[in-house]
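S.K.: Chain residues, written in single-letter form:
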Amino acid sequence: MTVPFDLTVLWAFIIALAVFIYVVMDGFDLGLGILFPLFPGKQDRDVITNTVAPVWDGNETWLVLGGGGLMAAFPLAYAVLLPALYAPLIAMLVGLIFRGVAFEFRWRTRATRNLWDIAFTGGSWVAALAQGIALGAILQGVHVEGRHYAGGWWDWLTPFSILTGVSLVVGYALLGATWLILKTEGDLRDKAYRISWYLMIAMLLAIAAVSLATPLLTNQYAQRWFTRPAVFLTAPVPLAVVAVTVLLMKNLAQKHDVWPFFLALALFFLSYAGLGISIYPYVVPQSITIWQAAAPERSQLLMLPGVLVLVPLILGYTGWAYWVFRGKVGHDSGYH
Amino acid sequence: MFGLDAVELARAQFAFTVTFHIIFPAFSIGLASYLAVLEALWLWTGRDVYLNVFNYWLKIFAIVFGMGVVSGIVMSYQFGTNWSVYSDKVGPVIGPLMAYEVLTAFFLEAGFLGVMLFGLKRVGPKLHFLATLMVAIGTLISAFWILSANSWMQTPAGYAVNADGQFVSVDWLKVIFNPSFPYRLVHMVLAAYLTTSLVVGAVGAFHLLRNPHLPGPRVMFSMAMWMATLVAPIQILAGDQHGLNTLEHQPVKIMAMEGHFESHKDGAPLYLFGWPDQAKGELKWAIGIPKFGSLILKHSIDAPMAGLDTVPRKDWPPVPITFWSFRIMVGLGFLMLALGLFSLWERWRGRLYVNRLLHRFAIAMGPAGFVAVMAGWITTETGRQPFTVYGLLRTADSVSPLAAPAVGTSLLVFIIVYFIIFAAGVLYILRLMAEPPHAGEPGPSSAQPIRTAGVTPAAGVVQGAVGS
Numbered sequence: 001m002t003v004p005f006d007l008t009v010l011w012a013f014i015i016a017l018a019v020f021i022y023v024v025m026d027g028f029d030l031g032l033g034i035l036f037p038l039f040p041g042k043q044d045r046d047v048i049t050n051t052v053a054p055v056w057d058g059n060e061t062w063l064v065l066g067g068g069g070l071m072a073a074f075p076l077a078y079a080v081l082l083p084a085l086y087a088p089l090i091a092m093l094v095g096l097i098f099r100g101v102a103f104e105f106r107w108r109t110r111a112t113r114n115l116w117d118i119a120f121t122g123g124s125w126v127a128a129l130a131q132g133i134a135l136g137a138i139l140q141g142v143h144v145e146g147r148h149y150a151g152g153w154w155d156w157l158t159p160f161s162i163l164t165g166v167s168l169v170v171g172y173a174l175l176g177a178t179w180l181i182l183k184t185e186g187d188l189r190d191k192a193y194r195i196s197w198y199l200m201i202a203m204l205l206a207i208a209a210v211s212l213a214t215p216l217l218t219n220q221y222a223q224r225w226f227t228r229p230a231v232f233l234t235a236p237v238p239l240a241v242v243a244v245t246v247l248l249m250k251n252l253a254q255k256h257d258v259w260p261f262f263l264a265l266a267l268f269f270l271s272y273a274g275l276g277i278s279i280y281p282y283v284v285p286q287s288i289t290i291w292q293a294a295a296p297e298r299s300q301l302l303m304l305p306g307v308l309v310l311v312p313l314i315l316g317y318t319g320w321a322y323w324v325f326r327g328k329v330g331h332d333s334g335y336h
Numbered sequence: 337m338f339g340l341d342a343v344e345l346a347r348a349q350f351a352f353t354v355t356f357h358i359i360f361p362a363f364s365i366g367l368a369s370y371l372a373v374l375e376a377l378w379l380w381t382g383r384d385v386y387l388n389v390f391n392y393w394l395k396i397f398a399i400v401f402g403m404g405v406v407s408g409i410v411m412s413y414q415f416g417t418n419w420s421v422y423s424d425k426v427g428p429v430i431g432p433l434m435a436y437e438v439l440t441a442f443f444l445e446a447g448f449l450g451v452m453l454f455g456l457k458r459v460g461p462k463l464h465f466l467a468t469l470m471v472a473i474g475t476l477i478s479a480f481w482i483l484s485a486n487s488w489m490q491t492p493a494g495y496a497v498n499a500d501g502q503f504v505s506v507d508w509l510k511v512i513f514n515p516s517f518p519y520r521l522v523h524m525v526l527a528a529y530l531t532t533s534l535v536v537g538a539v540g541a542f543h544l545l546r547n548p549h550l551p552g553p554r555v556m557f558s559m560a561m562w563m564a565t566l567v568a569p570i571q572i573l574a575g576d577q578h579g580l581n582t583l584e585h586q587p588v589k590i591m592a593m594e595g596h597f598e599s600h601k602d603g604a605p606l607y608l609f610g611w612p613d614q615a616k617g618e619l620k621w622a623i624g625i626p627k628f629g630s631l632i633l634k635h636s637i638d639a640p641m642a643g644l645d646t647v648p649r650k651d652w653p654p655v656p657i658t659f660w661s662f663r664i665m666v667g668l669g670f671l672m673l674a675l676g677l678f679s680l681w682e683r684w685r686g687r688l689y690v691n692r693l694l695h696r697f698a699i700a701m702g703p704a705g706f707v708a709v710m711a712g713w714i715t716t717e718t719g720r721q722p723f724t725v726y727g728l729l730r731t732a733d734s735v736s737p738l739a740a741p742a743v744g745t746s747l748l749v750f751i752i753v754y755f756i757i758f759a760a761g762v763l764y765i766l767r768l769m770a771e772p773p774h775a776g777e778p779g780p781s782s783a784q785p786i787r788t789a790g791v792t793p794a795a796g797v798v799q800g801a802v803g804s
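Line by line, the protein sequences are chains A and B.
For reference, each letter of the first sequence is one residue, going 1 to 336 in my numbering.
For reference, each letter of the second sequence is one residue, going 337 to 804 in my numbering.
For the record, the hints were derived by calculation from the structure and aren't laboratory data.
Please read all numbers here as calculations on a predicted model, not as lab measurements.
Ideal placement from N, C-alpha and C gives every residue a C-beta, glycine not left out.
Where hints are given, some of them may not hold.
[Stated by the list, open to error] Quick look at which bits of chain A chain B covers, simulated, 3 or more residues with Cβ under 8 Å:
id: 1; region: 43-55
id: 2; region: 87-97
id: 3; region: 141-150
[As the list claims (entries may be wrong)] Straight-line Cα separation of at most 30 Å, DSS-like style, residue types lysine-lysine; simulated pairs:
id: 4; chain 1: A; residue 1: Lys328; chain 2: B; residue 2: Lys457
id: 5; chain 1: B; residue 1: Lys457; chain 2: A; residue 2: Lys42
id: 6; chain 1: A; residue 1: Lys42; chain 2: A; residue 2: Lys328
id: 7; chain 1: A; residue 1: Lys191; chain 2: A; residue 2: Lys255
id: 8; chain 1: A; residue 1: Lys255; chain 2: A; residue 2: Lys42
id: 9; chain 1: A; residue 1: Lys328; chain 2: A; residue 2: Lys250
id: 10; chain 1: B; residue 1: Lys462; chain 2: A; residue 2: Lys328
id: 11; chain 1: A; residue 1: Lys255; chain 2: A; residue 2: Lys328
id: 12; chain 1: B; residue 1: Lys620; chain 2: B; residue 2: Lys634
Could you build all of it, start to finish, from the sequences and the hints given here?
M.R.: Structure, rendered in structure tokens:
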């Protein structure tokens with residue numbers, strides 16, 4: 001398999017990177033919301049939200065870049081995919097609205113705090129599930145005619161998309177649990193270790209299930225994974241998943257504070273790379289390639305210096321913000 | 337649903353979500369700059385009152401900003417969900433502008449927001465001021481890009497159309513600095529500053545009515561009234577210039593704003609009031625000043641003015657909405673000018689902090705900025721109809737291939753969700769505003785609202801009163 005390199009490929013890589021950074025950054029804070037029901041105590045919940053209060057805004061901005069970047073670099077894909085994913089996307093937006101304002105509102109009221117905690121949890125669940133379902137719906141392909149989406153309003157809902165939806169909830173929850181190991185101490189952290197163990201097993205099952213189901217969707221995916229010479233490129237991915245899992249088990253057993261989070265991220269990275277291998281070079285699988293969807297060269301060129309200069313800068317000051325709020329968050333060091 | 341088709345529902349959804357969203361950026365642009373000024377004054381003078389007022393508004397800023405972010409995410413996806421044909425055709429031109437908004441503004445705001453809200457003790461005053469400044473600059477950069485994109489839709493320039501029917505750029509500088517952009521940017525940023533000053537002034541006045549000696553409310557009220565005094569007249573001039581620009585590039589919008597259904601060969605009147613009847617094509621019960629319309633718009637009393645009768649009916653904007661929203665905006669603008677002049681007069685007489693009539697007037701004007709901003713956007717957006725890209729792409733040809741129930745359902749969902757969070761947000765903001773800034777006012781960073789740490793409430797009031 002030869003990979004041609006041009007501006008469009010670079011842009012596909014940039015958009016994929018933005019989406020991945022979003023998954024890395026917002027995944028764990030959505031995960032915290034997903035885990036909220038397991039931590040009914042008010043103090044625990046205050047600590048949990050305080051671990052991300054200073055940074056969640058920036059995390060979510062990557063989602064805006066993913067959407068905005070897709071519109072700018074691949075307008076046709078944006079125009080086809082968003083109507084195809086209408087219902088899950090609206091659900092995701094509503095979920096993000098509730099959990100976003102819950103961050104602020106739960107500190108501003110005593111009487112209705114529980115309601116905002118429910119909004120935080122519900123919003124996180126809905127947003128994560130909707131993102132996973134949207135991913136599954138893209139993988140299984142959408143019906144395109146001309147330059148429009150031509151499928152029905154419920155095409156996104158299939159057993160496969162439900163599987164990817166649940167898988168993403170599990171994955172985000174694992175990220176959230178390992179984040180808590182990193183940022184908390186005492187009973188809260190001990191509980192996070194136990195939860196992480198179960199979630200790791202659940203995530204492995206999810207990865208296995210999605211990996212088995214994906215090649216069954218179309219012959220194209222199957223060929224990508226199982227024929228030579230492609231198999232030499234793809235085989236390392238599942239092997240790496242096994243290796244990372246072993247390391248994660250070891251670190252959880254030894255109660256290491258830092259590594260579980262990054263190993264959980266590594267599992268995400270491998271799954272994401274697997275997705276990329278399946279889809280490339282389509283942006284709307286089986287219908288529209290990245291070159292067909294690409295914006296004119298002038299548009300891609302205008303944005304290029306912006307991305308190449310600004311993204312490292314953004315990562316720099318975002319890193320600084322994380323550094324400022326480094327360390328464990330205790331019951332008394334609340335930011336609110 | 338509601339007896340509307342998919343296009344009308346998509347328009348209703350866009351109108352609702354954008355009108356809701358616009359209040360928050362309008363407020364956060366002004367508030368971020370105000371916070372930066374307060375912190376600078378604190379660093380410069382060392383007076384605690386500035387820090388107290390800073391921390392007071394910082395908590396409100398956090399709520400406003402959060403609501404702006406979540407309603408903004410909706411906007412960035414709505415182009416694709418409800419206006420997919422528009423996105424495909426216009427994406428190559430508008431997309432990069434919005435991507436630059438994310439890269440240069442949203443990340444800057446969000447990246448430094450955490451330090452601004454919670455980081456004063458962790459990074460020290462100077463670095464913290466830098467964070468505040470970055471957030472304030474971010475809001476202004478954001479206004480730059482989004483108004484450039486919006487202005488391009490109003491006065492497109494620097495483009496060509498390719499074989500797929502997409503708009504593509506041939507000259508980015510002409511795209512970004514399109515003919516109406518400078519006017520729109522100035523008008524919007526000034527509106528944001530005015531809006532914030534009216535809110536700050538109203539809160540200051542509210543507490544001065546109870547106790548004219550409180551230092552925090554005095555600072556707030558005085559600064560806000562300076563802003564209104566200076567900016568309201570500038571805004572009226574800027575609006576007038578913007579109007580002349582619109583006449584040049586979007587004459588039909590001006591016809592709708594002015595209620596000119598018929599052409600005037602020798603001098604058009606300025607209609608103050610009337611009832612536009614779109615179906616009959618006439619302005620009923622019109623009250624106007626003869627020749628004044630030509631004087632304002634063309635600076636000559638006998639200049640001819642074309643009316644909507646020169647435009648095919650299918651290209652008419654919805655005249656009543658455009659006509660009335662414009663009058664609401666202008667009327668409020670003149671009330672703001674009156675407030676500014678009134679406060680200047682009382683300041684000169686040394687009665688700024690004690691004139692109860694002035695304070696009541698300022699309280700009544702508190703929400704006026706929001707209403708004016710919304711009315712202004714409604715004017716400019718409905719006046720562009722029936723096009724998304726003025727004169728080039730019709731709204732009816734921009735919409736996603738959607739079934740009405742899908743758009744109707746999502747519209748209903750957004751209305752319910754927005755009203756819930758808006759009601760809660762306003763309630764929490766008003767609750768914060770009900771108290772004046774206290775001595776040792778905590779930022780958003782303390783676990784409990786310890787208002788007067790170690791002091792009894794009564795002592796706290798006295799301490800606050802003497803200016804801590």
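S.K.: Does each hint hold? Answer for all of them.
M.R.: Each hint, compared with the structure:
1. 43-55: Check passed, 4 qualifying residues.
2. 87-97: With 7 residues closer than 8 Å to chain B, the region 87-97 of chain A meets the three-residue bar; holds.
3. 141-150: holds (count 4)
4. A:Lys328 to B:Lys457: Cα-Cα ~16 Å, so holds.
5. B:Lys457 to A:Lys42: Distance ~25 Å between Lys457 of chain B and Lys42 of chain A Cα, so the pair holds.
6. A:Lys42 to A:Lys328: Given pair Lys42 of chain A, Lys328 of chain A holds - Cα atoms ~18 Å apart, limit 30 Å.
7. A:Lys191 to A:Lys255: holds (12 Å)
8. A:Lys255 to A:Lys42: Holds, because 25 Å separates the two Cα atoms, which is no more than 30 Å.
9. A:Lys328 to A:Lys250: Given that 30 Å is the threshold and the Cα spacing comes to 22 Å, the pair holds.
10. B:Lys462 to A:Lys328: Holds, at roughly 25 Å.
11. A:Lys255 to A:Lys328: holds (15 Å)
12. B:Lys620 to B:Lys634: holds (25 Å)
Going through the hint list in order, the structure satisfies each hint without exception.
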